[in-house]
Each structure stands twice: as structure tokens, then as C-alpha cells.
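Student: The lines below spell out each chain.
Number of protein chains: 2
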Amino acid sequence: MNNVPIISGKKWKDVQVVRFNQSFSISFHQQIEYMFEINENYLQLNESYLFSTIAKRIEKFSASHPEADIIRLGIGDVTLPLPPSVLQAMHNAVDEMGVKETFRGYGPEQGYAFLREKISEVDFRQRGIDISPGEIFVGDGSKSDTGNIGDILGEGNVVAITNPVYPVYLDTNIMRLGKSSQIVLLPCGEENGFLPEIPSHHLDVIYLCYPNNPTGTVMNREQLKQWVDYALENRSLILFDAAYEAFIRDNEIPRSIYEIEGAAACAIEFRSFSKNAGFTGLRCSYTVVPKVLTARSAEGSNISLNGLWNRRQSTKFNGTPYIVQKAAEAVYSPEGQQEVREMVSYYMRNAEMIREGLTEKGWTFFGGKDSPYIWLKCPGGMDSWTFFDRLLQECHIVGTPGVGFGSKGEGYFRLTAFNSHERTAEAVRRIKQWEY
Amino acid sequence: MNNVPIISGKKWKDVQVVRFNQSFSISFHQQIEYMFEINENYLQLNESYLFSTIAKRIEKFSASHPEADIIRLGIGDVTLPLPPSVLQAMHNAVDEMGVKETFRGYGPEQGYAFLREKISEVDFRQRGIDISPGEIFVGDGSKSDTGNIGDILGEGNVVAITNPVYPVYLDTNIMRLGKSSQIVLLPCGEENGFLPEIPSHHLDVIYLCYPNNPTGTVMNREQLKQWVDYALENRSLILFDAAYEAFIRDNEIPRSIYEIEGAAACAIEFRSFSKNAGFTGLRCSYTVVPKVLTARSAEGSNISLNGLWNRRQSTKFNGTPYIVQKAAEAVYSPEGQQEVREMVSYYMRNAEMIREGLTEKGWTFFGGKDSPYIWLKCPGGMDSWTFFDRLLQECHIVGTPGVGFGSKGEGYFRLTAFNSHERTAEAVRRIKQWEY
Chain C
43 MNNVPIISGK
53 KWKDVQVVRF
63 NQSFSISFHQ
73 QIEYMFEINE
83 NYLQLNESYL
93 FSTIAKRIEK
103 FSASHPEADI
113 IRLGIGDVTL
123 PLPPSVLQAM
133 HNAVDEMGVK
143 ETFRGYGPEQ
153 GYAFLREKIS
163 EVDFRQRGID
173 ISPGEIFVGD
183 GSKSDTGNIG
193 DILGEGNVVA
203 ITNPVYPVYL
213 DTNIMRLGKS
223 SQIVLLPCGE
233 ENGFLPEIPS
243 HHLDVIYLCY
253 PNNPTGTVMN
263 REQLKQWVDY
273 ALENRSLILF
283 DAAYEAFIRD
293 NEIPRSIYEI
303 EGAAACAIEF
313 RSFSKNAGFT
323 GLRCSYTVVP
333 KVLTARSAEG
343 SNISLNGLWN
353 RRQSTKFNGT
363 PYIVQKAAEA
373 VYSPEGQQEV
383 REMVSYYMRN
393 AEMIREGLTE
403 KGWTFFGGKD
413 SPYIWLKCPG
423 GMDSWTFFDR
433 LLQECHIVGT
443 PGVGFGSKGE
453 GYFRLTAFNS
463 HERTAEAVRR
473 IKQWEY
Chain X
43 MNNVPIISGK
53 KWKDVQVVRF
63 NQSFSISFHQ
73 QIEYMFEINE
83 NYLQLNESYL
93 FSTIAKRIEK
103 FSASHPEADI
113 IRLGIGDVTL
123 PLPPSVLQAM
133 HNAVDEMGVK
143 ETFRGYGPEQ
153 GYAFLREKIS
163 EVDFRQRGID
173 ISPGEIFVGD
183 GSKSDTGNIG
193 DILGEGNVVA
203 ITNPVYPVYL
213 DTNIMRLGKS
223 SQIVLLPCGE
233 ENGFLPEIPS
243 HHLDVIYLCY
253 PNNPTGTVMN
263 REQLKQWVDY
273 ALENRSLILF
283 DAAYEAFIRD
293 NEIPRSIYEI
303 EGAAACAIEF
313 RSFSKNAGFT
323 GLRCSYTVVP
333 KVLTARSAEG
343 SNISLNGLWN
353 RRQSTKFNGT
363 PYIVQKAAEA
373 VYSPEGQQEV
383 REMVSYYMRN
393 AEMIREGLTE
403 KGWTFFGGKD
413 SPYIWLKCPG
423 GMDSWTFFDR
433 LLQECHIVGT
443 PGVGFGSKGE
453 GYFRLTAFNS
463 HERTAEAVRR
473 IKQWEY
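Top to bottom, those sequences are chains C and X.
Its first residue numbered 43, the first sequence is counted upward by one per residue in the working numbering.
Its first residue numbered 43, the second sequence is counted upward by one per residue in the working numbering.
It should be emphasised that the hints constitute simulated quantities derived from the structure, not laboratory data.
It cannot be assumed that every hint is accurate.
Copies of the same chain look alike in the list, so a pair counts if it works inside one copy or between any two.
[Unchecked claim] List of simulated lysine to aspartate or glutamate pairs, EDC-like, C-alpha gap at most 20 Å:
#, residue 1, residue 2
1, Lys-403, Glu-197
2, Lys-102, Asp-431
3, Lys-333, Glu-468
4, Lys-419, Glu-402
5, Lys-333, Glu-82
6, Lys-411, Asp-111
7, Lys-411, Asp-119
8, Lys-102, Glu-82
9, Lys-411, Glu-101
10, Lys-221, Glu-197
11, Lys-142, Glu-464
12, Lys-142, Glu-384
13, Lys-142, Asp-111
14, Lys-333, Glu-398
15, Lys-333, Glu-79
In this text the structure is predicted, and so the values were computed from the model without any measurement.
In isolation and in its complexed conformation, chain C is listed as follows:
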């Protein structure tokens, strides 16, 4: 029997030696005591992810009402097929994968240069923002990227998220830090226009998502500048989720946090191809980690977050599929840009229909102007889940209960603009006729 060497030589667990072949001779109690441990933080999570809960309620309703024609304005999934230039790029890429000379195996974990260069050029440099290809990491979705970013952050941080919030920010932080950690909720309600106020406390890490999911609200340049200034002053890190930037129509609303001076020194930005180009089933995103963004290690060295994220991605990720990256590249062609603009316009016409319908109905709502999300106040003082159930049972419309995004979402409800014109119009018609 060999002596097992230990890397650190420091913390060998003080347990009784259990020899193989003394098969099952140890007591049950001992077995429990020496069992491997799970990440107990998971036990502090809500039982299931919001959208799984909703899916189950729909399933149950459908099973007992198979005739019901349900309209889904709930989950933020797109419905238009992929645009022609994206399809053509994928067919070509599939052909390349079938020929020895053009077959592609492992690609760079950070993404292919052809895509990183296009992103840098079209999404940033053409808009006067200096983000280089080496600051862009292609990923398989913003859910993964915003979920995994915590890997490179320390456990001592005070982490701020808004309330209500996209549940992934909260859940992934509970998974990593537990509820007993320093997770801070920044309340967003009608009283502050659903925008978090600059706190008087020190915050280390701040998640911001604008245009916002779920409230559909946006931050103008001055409002975002206040957060950048706060972060620079406090040496905080802003995690800026710009997954919905394509829906911004008002030129006064920043599309990237890097439009704000100094943001490159304090912010990581997340972008997605899901909503603008319909990639929810294709899976492609990118994360911007500027090279000027540094932290200070415990021993006082400057540490590049670009380097840390690169190490994380190189070690725990093997790149987005080549064919998907070729699809994303096609989005940046002149035809692709035109097709994507048309898709966004299509969805924004839906948002307008919903806005018009709710206005006529006399309900209070927010968003839907520079965002595909409409955040409505449940009528008659209904709570979010009551409204969900009644809207499902009486109108056969699925939305998302606001309380699913946090306690400050109670009494609110999220509708999305991602269905078809026909279905959206039908949903609006049903809502208008609804006597609740």
C-alpha cells in the first residue's frame, strides 16, 4: 500500500484508516461520518428554477384542458426562424466539416479570430468604443457566462443584485456563497422607476442588466454614469448584462456600458446573440473583459481579470461550435445586419401591440419601448401567482409572475414580445375582453 502524497502536506483529513478488504465492517454511523460532502449551498436554493415551475403548471393545465389554445408570452424565447444569411453560413460550415481539408476540430477556447474581429469592429469600434478582439470571449450563452463569472471572484465580496432580478444572478451566487453570505438586494420599484439607487454603502460586485429583464426599463447615460463613477470610486466591479441592447430605439440610451468614460476599468459586459438574431437554440454569446480591468490580489499585485477569465475558459470550456460561430459571423454581414434589424422590428411591433392593448385596458405597465419586456402591475391588487393562474385558466395566456424575480416583483407580471403578430394580437384581444 503506497503512502498517498498530498500537494500541500497540510490538511490531511483526520479520519480512521479504512482498509480495503475489511469489506463493510465499519459501522453505519462511521460510514455517514466519512461520506463525501456536497455543496450544501444548493440546499438553500428554491426547490426549482422559476421557468421549470411555470412549465409544470402549464403542463398540468394542458393535461386537464387539452383543447385550450395556449398563447405563450412567458419565457423570453424567440419564435421567428433563423434569417437566411445565418442558415446559409451554417450549411456552408456543415459542408466544411465534411471535408478533410476544411474540417475543424478543437477551436480556440476564446472563440475564432474571424468572429472576435467582427464583434470588435461592428459592435464597438464603429460606435467609437475601443474594445479589441483580445478583450472578447465567445461563449455558449449569457446564462453560462453570467453564471460562471463568479468562478473568478473571491468569496469575501459584497455582491449586489437588483430586486426584482434575472434569477440566474441570485441563484448562482447562492450556489457559490450561500445565503448567509454578503448578497445584497437593491430594491427596484415604482418609487424609483425600477432603477436601483446609488447606495451609501460599499459594494464589491454589482450586477446590472439594462435594458432590464424583467422590468423592461432602461438606464440613460447619466444614470449609468453614476454607477460607473460609484464603481470607480469604490473599486467595485460592475457585471453589465446587455443581452437586450438590440431592442434599444432611443439614441440617448447607451447600448454598451463602455460608452461611459472609465467603464473599461470597472466593468465586464455580457452580450448574447439569442434575442437579436434568434440564437436561443443555437447558443452563442460573448463576454467583454477589458485589459485595463484589474484587481489587486491579497499580496498587492495587480491581477488582470482578462487573464483570469481566459484561464477559466481555457480550463473549463472548449469553445463554441465552429458552425455556430460561423452563424454568428453571418449576423455581421450587411445582409445579416438588415435581417436582424427586421426581426427586432417585428418583435417591437408586438411590444407596441401589447402596450396599446394594456393602455386601452387601463392597466399600469412599464417597459416595452426599448425592450421586448412589458412589466405590468397586476390589476385588482392580485398577487403575481394568482394573476398567472387566472390568466392561464381564463385567457389561456402564459406570462411570468413578477414575484418569481424577487419579492419586489410581487404584484407584477412580465409579458414578452417574442410571439408572432397573430398570436400577440389574439392575446391582446383576449385580455381586452377579459372580465376579471
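Got chain C; can you put chain X on it based on the hints?
Tutor: The following block gives chain X in isolation, referenced to the frame of chain C:
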């Protein structure tokens, strides 16, 4: 200014209040003190990932020797194009994505039922192993899956990996736990046939990879049974990486750990489509987490690891692309199975060529029989990196230095069977003629 509520109410950081608008009035020293923290474990990692280091050395050599015809037998990347049935499935899937009626957006995070059912049937049930679709999680690669599995495990575990080892197991554990944690190395050398010995200590989590990367060795049924029995007795968790099972030719070698009685109660298995079906650039894998596999929480409840992994994947992953899952499904068709068998045979013919060449050369080596990897002992007592540099400079052949996989790999070198017959034959010819 609102009071920021805290989830736990417990650990609010004791820092000076920094108010916005007192712009930059705090001292530099204070700024450092209150800066956000990074995951300092990353600073304990080697500077760069093994294969990035190799890539840089090749780049440097190529720059100064542009005429050199370099043969790559290093990284485990495949070279044959994707088989026809896989290509056809992808073209069909791309077409589906272009039509409203068949477009697919977000899929189930766990993978589509059509693929999970095929995997369950062909890879397990047809071989007499009872693994259900609900125990299978489709992922985007074994690097991600084996890297992310640590998310659901506790920080108090004694984690064992072999030495030498696939670097991802070690690096991801250092990222999560730091070097000062209980990471144990199980030495594998010529003295034990490169198979770890059953330890006399208690281990909580044990990574095993067979057929092994990098040594190309395999575990027979009796050897694997000893580990399963050890894990059952010690209530340990085995993380079994079977990425190379398709290369097993000897029927006495288990292709899945679940061929061993009791393994479902103590093991998670990782599988990949990368090497058998050439998916290194497509990205598809799966993880098996049996429903009978439970852990005990600190407060004494039984916790399903299937449930924990499901929660992890639902929260931090949005599924493998639909077109890639359709490609994987095609691998299970009769034509796909035949094509995949031919690809594996092709690569194994390369392994045979290398084995024959090295035998003739009189070098000592291991593996290459039930594995695409040949693990050779560097001749003349050379260390791994010296051999790497000389083989590159004098033969223009790239391999992987054994020491890159751990200290026990020093003096060894890994060659892979993934190049073409022609290039492999040429590499063997160069090695035979080499006077070192």
C-alpha cells in the same frame, strides 16, 4: 438614499461609508482596502494551460523555420471529417431552424428526449446496463462537464486524482479549493502498471479515467471493481471519465463503470462524442448521474446528486445546440454506428503503426491497444521537455511532454493516433531514422 437590505442580515462588511459625489476623496490606500476580491486560488495555478504552452512553442519554432513540415501527434484532436450521416442530420436540422413551424429555440437544459433515449438504449440498455434517459445529461463537452462537476461538491472533501493526470481535473480543483486543500495525488508509474493502488486512507472524491489519458492504460473488470468496492465501503464518489471507451477492443475491459455491480450508488460517468465520432469542433458530451446516487447533507437528509446536477445545469447552462444534438442522434443510427466504427478503426490502425515503429526502434512504451494514446518512455534518459524540443526541432513532430500531466509523467511522452495514416507513417519513418 435607501437602506440596502441584506438577505442574511448577518455579515455586512465593516467598511467606511463611501458616499457617491465625494468623488475620489478617499485615499489610495483605502481604495485598495475596499476593492472587490478575486478568486485567489487562480494565482496558485501554473501560468498557462499545458496545451497553450505547447502551442506557443510550436508557433515560435514555426516562425523561425517556416519550411518545416510539422506533424502533430500532440493534442488529442481528431482529423477525419464528420461522417455522412452526421452531416446529413445537421443539414436537415439547419433547414428545420429556417422554418417557423420547425424552428427550435431554448431546448431542455438536460438535452432533448430524442437523444437521451438513444443514449440510454444503445450505450447502456443494449449492453445490459440499466441507465434511464432521466439519468443522462447532455452537455457541450467533457472538459466542461468534468470541470463543472465540482460545483455540486463540498469544500471539505479529500479529492484524489492520479499522477499523471488530464490537467483539467487538477486545475479545476485548485481553482475551487486552492492548493492548500485536500487534493491527493495517486502515483501511477511503471511500478504499478500506471494504475493507482487502492489507498489505505479515506478518500472522498476520486477521479478515474479509463482508457487513460495520458498513459493509454486500461483497467480490467477486477481492477475497476476494487475501486467501486472501495468507494461503496468508504462512501466515496468516483468521477469516471470514459471519454475513450470507443477505443476499447478487448471485451474483458469494461466500457462503463456501471458494468460493475454497485457502481450506480457511487459513481458519475462522463462520456464524449469528441473522439469516437469526431465531435471535437461540434461539442457534445453527456454525464450520467444515477438516481440511486445520494449523499448525506450535514443535517442528515439524503440528497440526490441527480437533483443537484440538474439544478446546476438548469441554472448555469442552456443546453447543447439543437443541431448538435441531432448530429449526436445520427451517431446512433445503424449507418452512424458503422461509420463511427470505421473512424475508430482508422485511428487504431495509426496506433498500431506507432506501436510497431517504437517496438522496432527499441523504445519502451505503454497504451495504444485499447486507447488512441501511446505513452513512451523518453529514450536516453531525456526529460519530457527536452524530448519535446528535440522531437520538434529534429523530427518536426509534436507530441505532449509527460511531465505536463504531473510529476510522475517526467521522462515520458504522449503520442496520439489522431493524425492521418500518411502523416502517422511519415512520423514513424522520421522517428526510426532519428539519431538522437
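Student: Taking the hints in turn, state whether each one holds.
Tutor: Here is what the structure says about each hint:
In this assembly of identical chains, the alpha carbons of Lys-403 and Glu-197 never lie at most 20 Å apart, being 48 Å within a copy and 54 Å across copies at closest. Proximity of Lys-102 to Asp-431 under the C-alpha cut-off of 20 Å is restricted to the intra-copy arrangement: shortest distance 11 Å within a copy versus 64 Å between copies. Proximity of Lys-333 and Glu-468 under a CA criterion of 20 Å is satisfied in neither setting, with 49 Å inside one chain copy and 43 Å between copies. In the homo-oligomer, the alpha carbons of Lys-419 and Glu-402 lie at most 20 Å apart inside one protomer (14 Å), although the nearest pairing across protomers, at 80 Å, exceeds that limit.
Taking the closest pair of Cα atoms, Lys-333 and Glu-82 come within 20 Å of each other only across two copies (19 Å); inside a single copy the shortest separation is 35 Å, beyond that limit. Taking identical chains as interchangeable, the C-alpha atoms of Lys-411 and Asp-111 are never at most 20 Å apart, the minima being 28 Å within one chain and 58 Å between chains. Within a single copy, Lys-411 and Asp-119 get their C-alpha atoms as close as 18 Å, which meets the 20 Å cut-off; across copies the closest is 48 Å, which misses it. In the homo-oligomer, the alpha carbons of Lys-102 and Glu-82 never lie at most 20 Å apart, since the shortest distance is 31 Å inside one protomer and 47 Å across protomers.
In this assembly of identical chains, the alpha carbons of Lys-411 and Glu-101 never lie at most 20 Å apart, being 32 Å within a copy and 50 Å across copies at closest. Proximity of Lys-221 and Glu-197 under a CA criterion of 20 Å is satisfied in both settings, with 12 Å inside one chain copy and 16 Å between copies. Taking the shortest alpha-carbon separations for Lys-142 and Glu-464, only the inter-copy value of 13 Å comes in at or below 20 Å, while the best intra-copy value is 46 Å. For a Cα distance limit of 20 Å, the shortest separation of Lys-142 from Glu-384 across copies, 15 Å, qualifies, whereas the shortest one inside one copy, 37 Å, does not.
Only between protomers do Lys-142 and Asp-111 lie at most 20 Å apart by alpha-carbon distance; the minimum there is 18 Å, versus 49 Å within a single protomer. In the homo-oligomer, the alpha carbons of Lys-333 and Glu-398 never lie at most 20 Å apart, since the shortest distance is 45 Å inside one protomer and 50 Å across protomers. With identical chains, the CA atoms of Lys-333 and Glu-79 are at most 20 Å apart between copies only, with a shortest distance of 17 Å across copies and 38 Å within one.
The structure fails to meet hints 1, 3, 6, 8, 9 and 14 from the earlier list, while all remaining hints are met.
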